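Sequence lines, in order, name chains P and D. Here the first sequence stands for residues 975 to 1365, where the numbers follow my numbering. Here the second sequence stands for residues 3 to 113, where the numbers follow my numbering.
Take these hints with a grain of salt, some might be off.
[What the hints assert, rightly or not] To spell it out: a stretch of chain P is covered by chain D in this simulated footprint if at least three of its residues, at any positions, have a beta carbon under 8 Å from a beta carbon of chain D; those stretches are:
| id | segment |
| --- | --- |
| 1 | 1235 to 1243 |
| 2 | 1297 to 1308 |
[Unchecked claim] Here are a few chain D residues that sit away from chain P, every Cβ distance over 10 Å (derived from the structure):
| id | residue |
| --- | --- |
| 3 | 12 |
| 4 | 72 |
| 5 | 84 |
[Unchecked claim] Label-pair ranges, simulated between beta-carbon atoms:
| id | chain 1 | residue 1 | chain 2 | residue 2 | range |
| --- | --- | --- | --- | --- | --- |
| 6 | P | 1058 | D | 93 | 29 to 37 Å |
| 7 | P | 1043 | D | 107 | 44 to 52 Å |
| 8 | P | 1052 | D | 80 | 43 to 51 Å |
Hints were generated in silico from the structure; no laboratory data involved. Because the structure is a prediction, the values reported are computed rather than measured. For each residue, glycine too, the CB sits at the ideal point set by N, CA and C.
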Amino acid sequence: MGPGVDAAFARSVGRWLRAYPRRWRAARADEITAVLADLAPPGARRLDLRSGLGLLVAGWRTRWREHPPPLAYLGYVALELRLDPRYRDWARDDIEGPWFVVRRWGVAFAVVGAIAWLPVLGGDDPPLDLVRWWAPTMLLGIAIWGGHWRARMVARQLVVQPGETVTRSGRIPGVVARPRIGARSWIAAARVVAVTVLVLCVALLVLAPNRTDAVREGAGLQITSAPMTAGARSLGLGLAALGALVGLALARGAVGARLRAWRPVAQPYRWVVPLGAAGRSRLAAAVGGGALLALWVPGFAALLAGPVAALAAAALPVLAATRRGVSEGGTGVVAGIDVVRALRRQPDRADTPVDGHLPAADWLPVGTVVPLPGDPAAAAPTPGTAVDRRG
Amino acid sequence: MAMRLTEQAYLVLLALADEPRHGYGVVQEVRTLSGGTVRLGAGTLYGILDRLVAAGYAEGSGEVVVDGRLRRYYRLTPEGHDALTAETARLTALARRADRLLGGVTRPGIA
């Protein structure tokens, strides 16, 4: 928003505008904020309740208007059936949204859960173990495979077919620049992960009653569970403290020098992107999945808590110093991968293009009908060769 | 795609009849046209504009930034003009019929 609208007022409007679909907000937020600023009394720093409720109702009406019918939606969610192209904009919002992979795996979770619980109707005990293990598996699946699922749905739902009309949400297959998470976004996410892991590990070290242990019995090792002694707790917490000291030492000396010494190569096939809502949901799934696993196997988690806490404690000051170094400039670090390579003193490597999707509007103007095979009108620019941006 | 014109949608179309207007300009013009009785909120206005654009009755006609505020202008399309003319004719005929009816009826009094 420009300087003409008070920042606090714009933030207030932005909160109410969340009722609208993401794509709508991206296209119209500045415009409607300006209108609301014109309508508001001079000096207003927040949107009045009446106008806010009006936005809320209108936003949900817009969502409802653009939503596919219930049966089509069910086929889309449960069976990944292709929606009618008139719902392509809605599908794009959905696929790019933070809840897409969560819901996608939630459906799989519900189906497996329902099948597993069927014997309960016959009087069997509920399969709590299955549910217990399936939840972290699902979360880790979201973290690892989320991007793959998303790309598959883009190919199925958004790629324009011959005979369909090109819209802004339409996509065509193509070779695209490799997306890399921006350095600032990457560092922020890494700090959240490090803090979360450190807190969980310290909680485990303080509270866990037992830990997994290996006892030598003759020639072999016996894996067993041993009480968590005060010595074991102190050792784990000591490791964490040691990690923090090592991290502080690295942050004071090596980090700045390594960032400044970083020599980037030209990256014509790289596209630096923020982590985004989808990335954040995958990250949250990874942390949640790890935390659930730690809950289900507390003894093993307590065994690992000390070394893991040390790593997290070491990472925090290093990440803080890295953020400072990137903010102050004087380094060629741009992407998260650059941070990793610079801190590890590895040379930079040029990214290569990857398969992806491009906006169909880069190929044919919006509103054009995609020619059928053999149609003479197909003498349009060849799709799928742009590498300077992602679809 | 034809669209049923509510009173508010009709007034928005009417506000765009003489010249392209931005959102705030439409709100002001609608207030003037309705004699101050219709005050459009931003949510209502953009819901109507979305539907008018989807129906092909209105379209964007450029944007400018004034004092740091984005102004996107909307204008009537030929289809929008036709719809507005047809709706105005319908309302005129309705008003004429109402006039005829009321002309022959005395005001009910209290017995």
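**Q.** Outcome, coverage hint (the segment 1297 to 1308 of chain P, chain D; C-beta under 8 Å; three residues)
**A.** Result for this restraint: violated, n = 0.
**Q.** Assertion that residue 12 of chain D lies outside the chain P interface [Cβ separation over 10 Å]
**A.** At about 18 Å from chain P, residue 12 of chain D clears the 10 Å cut-off, so the statement holds.
Q. Do three or more residues of the segment 1235 to 1243 of chain P come closer than 8 Å to chain D, measuring C-beta to C-beta?
A. violated (count 0)
**Q.** Beta-carbon spacing of residue 1052 of chain P to residue 80 of chain D - inside the hinted bounds 43 to 51 Å or not
**A.** holds (44 Å)
Q) Is it true that residue 1058 of chain P and residue 93 of chain D lie within 29 to 37 Å of each other by Cβ? A) holds (36 Å)
Q | Beyond 10 Å from every chain P Cβ - status for residue 84 of chain D | A | Nearest chain P Cβ is 21 Å from residue 84 of chain D, so the label holds.
Q. Does residue 72 of chain D really sit off the interface, with its C-beta more than 10 Å from all C-beta atoms of chain P?
A. violated (4 Å)
Q: Kindly confirm whether 44 to 52 Å is satisfied by the beta carbon distance between residue 1043 of chain P and residue 107 of chain D.
A: Holds, at about 48 Å.
When each numbered hint is compared with the structure, violations occur for hints 1, 2, 4.
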